[in-house]
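Using the hints, position chain B against chain A.
The residues making up each chain are set out below.
Protein chains: 2
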Amino acid sequence: MKLYSYFRSSAAYRVRIALNLKGLAADIIPVHLLKDGGQQRQQDYLDINPTALVPTLVDGDFVLGQSMAIVEYLEETHPQPALLPSDVQDRARIRAIAQIIACDIHPLNNLRVLQYLKHTLNIDDAGRDQWYMHWIHLGLTGVEAMLADSPQTGEFCHGDEPGYADLMLVPQVANARRFNCDLSSMPNVVRIDAACNKLDAFIKAAPANQPDSQT
Amino acid sequence: MKLYSYFRSSAAYRVRIALNLKGLAADIIPVHLLKDGGQQRQQDYLDINPTALVPTLVDGDFVLGQSMAIVEYLEETHPQPALLPSDVQDRARIRAIAQIIACDIHPLNNLRVLQYLKHTLNIDDAGRDQWYMHWIHLGLTGVEAMLADSPQTGEFCHGDEPGYADLMLVPQVANARRFNCDLSSMPNVVRIDAACNKLDAFIKAAPANQPDSQT
Numbered sequence: 011m012k013l014y015s016y017f018r019s020s021a022a023y024r025v026r027i028a029l030n031l032k033g034l035a036a037d038i039i040p041v042h043l044l045k046d047g048g049q050q051r052q053q054d055y056l057d058i059n060p061t062a063l064v065p066t067l068v069d070g071d072f073v074l075g076q077s078m079a080i081v082e083y084l085e086e087t088h089p090q091p092a093l094l095p096s097d098v099q100d101r102a103r104i105r106a107i108a109q110i111i112a113c114d115i116h117p118l119n120n121l122r123v124l125q126y127l128k129h130t131l132n133i134d135d136a137g138r139d140q141w142y143m144h145w146i147h148l149g150l151t152g153v154e155a156m157l158a159d160s161p162q163t164g165e166f167c168h169g170d171e172p173g174y175a176d177l178m179l180v181p182q183v184a185n186a187r188r189f190n191c192d193l194s195s196m197p198n199v200v201r202i203d204a205a206c207n208k209l210d211a212f213i214k215a216a217p218a219n220q221p222d223s224q225t
Numbered sequence: 011m012k013l014y015s016y017f018r019s020s021a022a023y024r025v026r027i028a029l030n031l032k033g034l035a036a037d038i039i040p041v042h043l044l045k046d047g048g049q050q051r052q053q054d055y056l057d058i059n060p061t062a063l064v065p066t067l068v069d070g071d072f073v074l075g076q077s078m079a080i081v082e083y084l085e086e087t088h089p090q091p092a093l094l095p096s097d098v099q100d101r102a103r104i105r106a107i108a109q110i111i112a113c114d115i116h117p118l119n120n121l122r123v124l125q126y127l128k129h130t131l132n133i134d135d136a137g138r139d140q141w142y143m144h145w146i147h148l149g150l151t152g153v154e155a156m157l158a159d160s161p162q163t164g165e166f167c168h169g170d171e172p173g174y175a176d177l178m179l180v181p182q183v184a185n186a187r188r189f190n191c192d193l194s195s196m197p198n199v200v201r202i203d204a205a206c207n208k209l210d211a212f213i214k215a216a217p218a219n220q221p222d223s224q225t
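Residue numbers (the numbering used here), protein chains in the order written: chain A, 11 to 225; chain B, 11 to 225.
In isolation and in its complexed conformation, chain A is listed as follows (with noise of 0.2 angstroms):
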């Protein structure tokens, strides 16, 4: 497999998670998104992914674009270890918290709408702060209240093994210290934010750890 991949996109960074949490292994072709005028707006990645976004995925000759369509992709193709609860329900209540995270927060908080806020309406630094840590906020209060809700929550956001909320979750967080948010009101968040990154897993899937970290 191939994972088209911008080591501080967080959408990339989810796939990343699940390929490690699964033992797959996939080439990484970076994907530079602030240079060149934006190498995911070449016509060679367009004709790969035409919305012109982060991760895509290559299997044999599928390719797919959008992270949570690829997870539950991998989720599919390769069943174990599961990401996904077994019971429905629990099911449901994960790909809310996910959803949070991907619907709610994230597609305020992307590069291309931090770049329209700034050079479209021409909101400054501190506009934009504000803006970002607003949305991150909101989201993940909500996020909190779920995992302080059910009793499904264990040392991660399922239970005690890491699985789908947790990957989404995981890159989420590391743009709200990116960017100082306070968490201080987030007891559950920090907890198991904390406990994924001990993992190798989400380790080797950190933007840091990636080969375009440098460029």
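Hints listed in this document are in silico derivations from the structure and should not be mistaken for laboratory results. Careful, some of the hints might be misleading.
All copies of an identical chain are treated as equivalent in the list; a pair is satisfied when it fits inside any one copy or across any two copies.
To be verified - As a list, the in silico SDA-like pairs of lysine to any residue whose alpha-carbon atoms are at most 20 angstroms apart:
| hint | residue 1 | residue 2 |
| --- | --- | --- |
| 1 | Lys12 | Leu124 |
| 2 | Lys208 | Glu165 |
| 3 | Lys128 | Asn185 |
| 4 | Lys128 | Gln140 |
| 5 | Lys128 | Asp139 |
| 6 | Lys12 | Gln99 |
| 7 | Lys208 | Gly33 |
| 8 | Lys12 | Val98 |
| 9 | Lys128 | Arg138 |
| 10 | Lys128 | His144 |
| 11 | Lys128 | Met143 |
| 12 | Lys214 | Arg187 |
Coordinates of chain B only, in the frame set by chain A:
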């Protein structure tokens, strides 16, 4: 089942279509996103859904937010008629199309984001409309490319039966039309939207046909 819904919420609209396609009845409980400072932010709703977003599905004792998690839950608990294709790669393609809409377009054009642009960043109506159209155009261009490129595209996003990607597409196209977005470069999107809107499941789920549409 009960569905907490707002007639104009496209996330709720998706779930209403899914319920109709599956022939499932749910009591609609309106949550007015503009009245009373936003009924979704009142404590009685936050006790049900701490993210202060609609929709929320209640199935017996089980409470679930996030529209895509709800659709996947309905698919697993009521498999027929299937909303997702049976082949793993086809299913992944449909989830990816759904997520372009749910992750790359809709979160940027959500009511709360438009309110933030206006009230916190002091963006005027013209700037807001430009923002709205920008993300819709970018995202739906990606959807159009995925539809145009695939032999799996038929009368609907996958073959000749409506399903998961269609129920995501129609509410997004409805929003595009509300803001007068130019869809002329997207013939597959326009064609599939038209085919869906001839079906009862889609018509009955439309904002204008909701109990709270006159409030």
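Okay, the hints, checked on the actual structure:
no., hint, result
1, Lys12 / Leu124, "neither (28 angstroms within a copy, 38 angstroms between copies)"
2, Lys208 / Glu165, "within (12 angstroms within a copy, 49 angstroms between copies)"
3, Lys128 / Asn185, "within (19 angstroms within a copy, 25 angstroms between copies)"
4, Lys128 / Gln140, "both (13 angstroms within a copy, 15 angstroms between copies)"
5, Lys128 / Asp139, "both (11 angstroms within a copy, 17 angstroms between copies)"
6, Lys12 / Gln99, "between (33 angstroms within a copy, 16 angstroms between copies)"
7, Lys208 / Gly33, "within (17 angstroms within a copy, 47 angstroms between copies)"
8, Lys12 / Val98, "between (31 angstroms within a copy, 18 angstroms between copies)"
9, Lys128 / Arg138, "both (8 angstroms within a copy, 15 angstroms between copies)"
10, Lys128 / His144, "both (17 angstroms within a copy, 15 angstroms between copies)"
11, Lys128 / Met143, "both (16 angstroms within a copy, 18 angstroms between copies)"
12, Lys214 / Arg187, "within (19 angstroms within a copy, 45 angstroms between copies)"
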